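Novice: As given, the protein sequences belong to chains D and G, one line each in that order.
Numbering-wise (the working numbering), the first sequence opens with residue 1 and increments by one.
Numbering-wise (the working numbering), the second sequence opens with residue 115 and increments by one.
Honestly, the hints are just simulated from the structure, not real lab data.
As the structure is a computational prediction, the values presented were derived from the model and not from experiment.
Among these hints, one or two may not hold up.
What follows is a set of in silico ranges between Cβ atoms, one per label pair, in the way DEER data are often shown [what the hints assert, rightly or not]:
| # | chain 1 | residue 1 | chain 2 | residue 2 | range |
| --- | --- | --- | --- | --- | --- |
| 1 | D | Lys58 | G | Thr229 | 22 to 30 Å |
| 2 | D | Gly22 | G | Arg227 | 22 to 30 Å |
| 3 | G | Gln194 | D | Trp83 | 40 to 48 Å |
| 4 | D | Thr109 | G | Gly199 | 20 to 28 Å |
| 5 | G | Gly117 | D | Ser84 | 16 to 24 Å |
| 6 | G | Arg129 | D | Ala17 | 40 to 48 Å |
| 7 | G | Gln195 | D | Gly53 | 25 to 33 Å |
Straight line, CA to CA, 25 Å or less: simulated BS3-like cross-link-like pairs of lysine-lysine [unchecked claim]:
| # | chain 1 | residue 1 | chain 2 | residue 2 |
| --- | --- | --- | --- | --- |
| 8 | G | Lys185 | G | Lys141 |
| 9 | G | Lys185 | D | Lys49 |
| 10 | G | Lys165 | G | Lys185 |
| 11 | D | Lys49 | D | Lys69 |
| 12 | D | Lys49 | G | Lys158 |
| 13 | D | Lys49 | D | Lys71 |
The beta-carbon is built from N, C-alpha and C at its ideal position, and this holds for glycine as well.
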Amino acid sequence: AQSVSQHNHHVILSEAASLELGCNYSYGGTVNLFWYVQYPGQHLQLLLKYFSGDPLVKGIKGFEAEFIKSKFSFNLRKPSVQWSDTAEYFCAVHGSGNTGKLIFGQGTTLQVKP
Amino acid sequence: NAGVMQNPRHLVRRRGQEARLRCSPMKGHSHVYWYRQLPEEGLKFMVYLQKENIIDESGMPKERFSAEFPKEGPSILRIQQVVRGDSAAYFCASSPRGTGSNTGELFFGEGSRLTVL
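Make a model of the complete structure from these sequences and hints.
Specialist: Structure, rendered in structure tokens:
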């Protein structure tokens with residue numbers, strides 16, 4: 001069965017610190033990979049996505065993620081976080097042959113201290 | 115262009131009552147997904163529907179839960195005889211394309227928060 005694992009459940013950083021959130025998935029076929037963000041009181045928004053091509057993808061607000069197929073990983077990074085990045089971050093996988101549903105990780109709560 | 119609309123945003127029910135959550139997908143989207151988010155947990159897939167059809171209900175509890183997406187009107191997630199464990203945020207998402215060409219990207223509503231007393 002497909003699964004997604006996010007290693008960090010709660011991360012606290014100071015502004016300007018660098019961020020890396022881990023995401024590993026379990027699926028034997030071709031995958032599309034996503035990071036969604038949920039700001040306090042808001043709905044989930046797409047941060048970035050990987051379908052094919054360059055494994056280093058850039059998203060909104062300075063975020064990027066790298067797909068490493070051999071490690072089944074899709075870690076999210078940002079060189080310098082801001083207080084406004086405080087949110088919950090979800091990694092998600094869509095497997096080929098699936099009905100279209102996304103499988104989500106448990107989420108990582110990021111708290112950025114001003 | 116309106117996004118995915120969910121209502122009510124907040125719903126309080128007593129044990130044994132029924133809860134109905136509604137979702138109107140984005141304009142032009144005919145595929146709807148329901149997810150549940152329990153406290154301290156991630157989003158769990160519940161059901162995937164197209165107009166008048168349930169495509170995948172592998173995440174739905176076997177009893178008390180049902181979903182529909184009629185030809186006209188919003189998708190409805192119905193929970194009968196609610197229990198405290200049903201308290202959660204229920205998110206609806208929609209997409210424009212279906213199986214075979216679906217790239218997985220979903221557009222989410224703001225969620226409906228159900229509290230069972």
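Novice: Compare the structure with each hint and give your call.
Specialist: Okay, the hints, checked on the actual structure:
{"no.": "1", "hint": "D:Lys58 / G:Thr229: 22 to 30 Å", "in the structure": "violated, 39 Å"}
{"no.": "2", "hint": "D:Gly22 / G:Arg227: 22 to 30 Å", "in the structure": "holds, 29 Å"}
{"no.": "3", "hint": "G:Gln194 / D:Trp83: 40 to 48 Å", "in the structure": "holds, 44 Å"}
{"no.": "4", "hint": "D:Thr109 / G:Gly199: 20 to 28 Å", "in the structure": "holds, 23 Å"}
{"no.": "5", "hint": "G:Gly117 / D:Ser84: 16 to 24 Å", "in the structure": "holds, 21 Å"}
{"no.": "6", "hint": "G:Arg129 / D:Ala17: 40 to 48 Å", "in the structure": "holds, 45 Å"}
{"no.": "7", "hint": "G:Gln195 / D:Gly53: 25 to 33 Å", "in the structure": "violated, 49 Å"}
{"no.": "8", "hint": "G:Lys185 / G:Lys141", "in the structure": "holds, 14 Å"}
{"no.": "9", "hint": "G:Lys185 / D:Lys49", "in the structure": "violated, 31 Å"}
{"no.": "10", "hint": "G:Lys165 / G:Lys185", "in the structure": "holds, 6 Å"}
{"no.": "11", "hint": "D:Lys49 / D:Lys69", "in the structure": "holds, 15 Å"}
{"no.": "12", "hint": "D:Lys49 / G:Lys158", "in the structure": "holds, 20 Å"}
{"no.": "13", "hint": "D:Lys49 / D:Lys71", "in the structure": "holds, 18 Å"}
In this structure, the earlier hints numbered 1, 7 and 9 are contradicted, and the remaining ones agree with it.
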